[in-house]
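**Q** Protein chains in written order, with my numbering: chain A, 1 to 522; chain W, 523 to 868; chain V, 869 to 1193.
Capping the alpha-carbon separation at 20 Å, the derived lysine to any residue pairs in SDA-like fashion look like this:
#1 A:Lys370 <-> A:Glu425
#2 V:Lys979 <-> W:Arg808
#3 V:Lys979 <-> W:Ala537
#4 A:Lys370 <-> W:Trp729
What the hints contain is simulated information worked out from the structure, not anything from laboratory work.
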Amino acid sequence: MGEGTPRVQMRGIHKVYPDGTAALKGVDFDLYPGEVVALLGENGAGKTTLMKVLSGLLRPTRGDVLVDGRPVHFRNPVDALRRGIGMVHQVFTLVPPFTALQNVLLGQEGAGLLRPLPEEQARARVQRLLEETGLEVPLDVPVESLPVGVQQRVEICKTLYRGTSVLILDEPTSALAPVEVDDFFSFLRRLRDRGTSIVLITHKLREVLEVTDRVVVLRQGSVAGELPTASATPERLAELMVGPLSTLRVARAPRSPGQPVLAVQGLRVRDDQGRLAVQDLSFEVREGEVFGVAGVEGNGQSELVQALTGLRRPEAGEIWLSGQRVPSLDPLSLYRRGLAHVPEDKARFGLALGFDLVENSILGRQREPKFLGWLGRLRRPVILRYAEELVRRFRVVAPDLATPVRSLSGGNQQRLLVGREISKEPRLVVAMHPTRGLDVASTLYIRELLVQMRDAGKAVLLVSADLDEVLELSDRIAVMYGGRFLGLGPAEEFRRETVGLLMGGVVPEGVHADAARPPSPR
Amino acid sequence: MRTPRALRPLAESLATVALGLVAGGVLVWAFGHSPLAAYRALAVGAFGTREDLLETLAFATPLMLTALTFAVGVRAGLFNIGAEGQMYLGAVGATFVAGMVPMPAGVHLAAATVAGMLAGAVWALTPAVLKAWRGAHEVISTIMCNWIALHLSMYLAIHFLAEPGRAERTVPALPTARYPVLSEESTLTAVLFVAVGFALVVYAYLWGTRAGYELRLAGENPEAARYAGVRPERVVVLSFVLGGLAAGLAGASQVIGRPPAWSLYATLGNVVTLGFDGIGVALVGRNHPVGGILAALLFGALAQGGRLMEYEVGVLSELVRALNGIIVFAMAVPELWGMLRRRLAR
Amino acid sequence: MRWKAVVTWTFALGAVALGARFLERVGLPPVSLLETGLLAMTPLALAAVGECLNQKAGLVNIGLEAIFMVTATVGVWFAEVGRSGTVGLLAGAATGALLGLGFGAVSVYGKADQIIAGMGLNVFALGFVPFLLISLWAFPGIHVFPNELMVPRIRTPLGQVSPVTLAAVVVALAAHLLLHRTVLGFRIRAVGEKPEAVDVAGLRVDRLRLLTATVGGALAGLGGAFLPLGWFGALVKEISAGRGFIALACVVFAGLEPLLALGAALLFGLADGFASAVAVTPGVKERVPFYFVSMIPYVVTLAVVAAVIGRRRFPSTVGRPYARE
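Please work from the sequences and hints to get the whole structure.
**A** What follows is the structure, encoded as structure tokens:
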């Protein structure tokens, strides 16, 4: 536990973005020498934002930051580094073909512009640093061929080389295998014992309990609680993270679900970096139910949804839609078989922002016979009427149909998208983060739509990092962590804090991990 | 002054053209001529008399087509700067059918036109295939094809199509394969209507058919296009073929649609650089077929007016092309209008 | 990298040796072929090496053709004014540097679409150069300047070699050393691969890119001025004839490595020289139509581009403006 005067003091930090979202609402945060502090919270709680302020990437809308008792105003990360504060992000800024040594040296080469790169002198210094901190980094391999866990160590080395006394790590273990995590923790402890202050941004409860001295929990931009790790329990932390136990649930008529519409068996999917993002997943989604997948982003959800919707080829496993095996990489044939896809980033995948409402209303549907005339002609009157109907039925607010979708608010964009997908009369709706970033009215409306789909006998697969959303809408819940489902069962069996624990990787008593009945394809 | 959203593209185009004119004026002044006199001659030459106006239209005809080549490329997310080469072969193809393959009156003209268009489209296939299947960047491949086409066309013009006894031109188009002249005082022919018609057909295709929609979607948002099941290779080939048809028609228009020669010069002088000129036209026309028609009128006016400018003031008409280049350069900056406004507002 | 360079060079020299034997049999003197080939290589190599630096930093300048055309004209004028070919070459380099700087500024600060900006330069040159030619000389189609103004060549056993050619080789070597052995080159390579890393390290992304754009322009400018002053001895409107784009192909073929770009320039230069030789050699020129021979450099380039693309590694940010989040 740190002692003495705080090295860093943050007082009353507010951060409001130009579009009005308040990411931080008056946060106080202290950091002492020689301690490891966990900054815990869900997606959107503000932990990364707070640390971006401290590390100089963002400027606070209000509030003060003091380092060693003196106020500071960082204009950029380089300023912060000069005061000894460095942050290692989830997305690395490494130059892929350079070696680790070269990456560490960039900007700090220690020689004139036209002189050769003083690799050998620097190597000695870097190696001394590695020995002192116990960090193991192969210095002469191109960084792009290093596994992600090692790349992260290069990033850390980069920061330490500049003489940091405050090291901020954003979700550092998300890239590590369990074995590597233990080594990583010993490194952290050694660093702390040398007097470095370490901030660990994380959502993983086990790690918090294992390696930190103090925990600060953020929820929706404010400090929800702060306690020494010694007196923290997973339940208490989960409660602080997700809020008091509540039974806020949309009144849903109980339904008896029907046949499985989507069946998945042994699915394995790799991400863009070649890592296994989805590991041997098996589950099914039935008619008339909402199957909700909760979990913090980055645990394989994107890859899972992409595999299910024909946008990423799975490495192994089988997928059945309406009883037929699904071909990979062919969204159109999936749509024809009754798939509707509300993608995780509407602007990137589901809409063409430069096109108007009419043209976006047929995105993905442009080959349906009812919209086409002879020679591939688009039947304008039919499409126009359909678009008008969409706008009316789903209450999309827009000046007129010829407005480019870019000008619509996020909520209206999403209404258009969801309305388009629903009006396909699908058998399965896959919706990922459907209400992220939307205004309250649109959020409620879209959630209602999803429940309506379920009541009408459709199968709905809801993937969301918004815990409330999953709890409110789902009939069955699974929590995705590290590419697997930890806990799967009827929604009634999951209390809010249980889900919180599972999202943090902790499996409480009485919950079965991966408790899925093997699906029966027909 | 806030511009309403719908008018913003028009305002930007006009502002950039104005910028180009100012820069051109500076150039003219730097070389000892009077910019005012030069621009006055330009305007008079373009619009002064009825003949001038018709000539402006005649100059605009190929430009709206080569603009289409570039514009259809951009709409699909590509850079097709191969209009030059596609146009040369279009001219050759049209010359061949028009000058050496006698046909009955009703059919000949259409056949020559189609021959030109198809020649252009075929020439566009090479860069298209290289891009779609090898990922070869179309900038280098189209330029190389332009130069190959130049030599190939000159060769064909001189060795197969030359008028006996006159080495500098090909055989003229037979009377049955000539577009009717619209007025005795100018070189404008009915091919203008074909050009405008083709541009409108492409407009209808791109905005009114499924294939056209998918093409534009691929250019607007490739990831949403994937989501919508669009195959990228098809879009590439379609875009290049449409561009080649347009450029081929442009080349044909200068042979079977332009008196008094009705033939192709051995140096290809009556078609060169029209392809590159089309890039500026397309950009000013916001890469839209109809915008291209309007922009072509503007650039056609510059071309026609340039001739009087050269005659009266002594400023070479090529300056107009330099202006075109400055306009393209300025249009490369995406937020030019926004940036300038912010600067001026301070 | 060294391995690839050795292979490429061996292949190129081997092809040259075999080709020389063949050509002798056919009646084309190989020495004059080599001479022409080296001359043709020079502008290509200079522009390609410059553009290698540029693309390593993440910029794409397709306006090399424009730089060739403008600096060829400006170079000749300054040579006449200064009564020396060398003055002309320097003026060409300076003009090229200005054009490169302008392009760099628009790309970096204006966040311009670099391909369109480059095309703008090309179209501008297509119009401005004829205008210049008339304004400067009342140009009738070709402008011949006094022989004394040409950059003199050095007699070697391999034929008459221009000092600019030797300079091009030196420049390629220097560029290689700069890129791979100095801190500046290290930073340039970093900024092309991951400008975020450079920015985060506190270095100026814009200055690095402006530097490469200017140097690239200067080298291309030198090459452009060389065309009339070191080779053709006269100035015509189409003196460049697409060479700027062939230089781009050299860059692509070489994977942005200056020494390989030199080799590629030699390859394309020999194709160019071969075409010229065929066009004038008695026994051959009747049998092969001039126009097809002229196509050779472009067909070769096209073939190389088609075959090689996709297996080359580019800095991932080439062509994209950098904007800090």
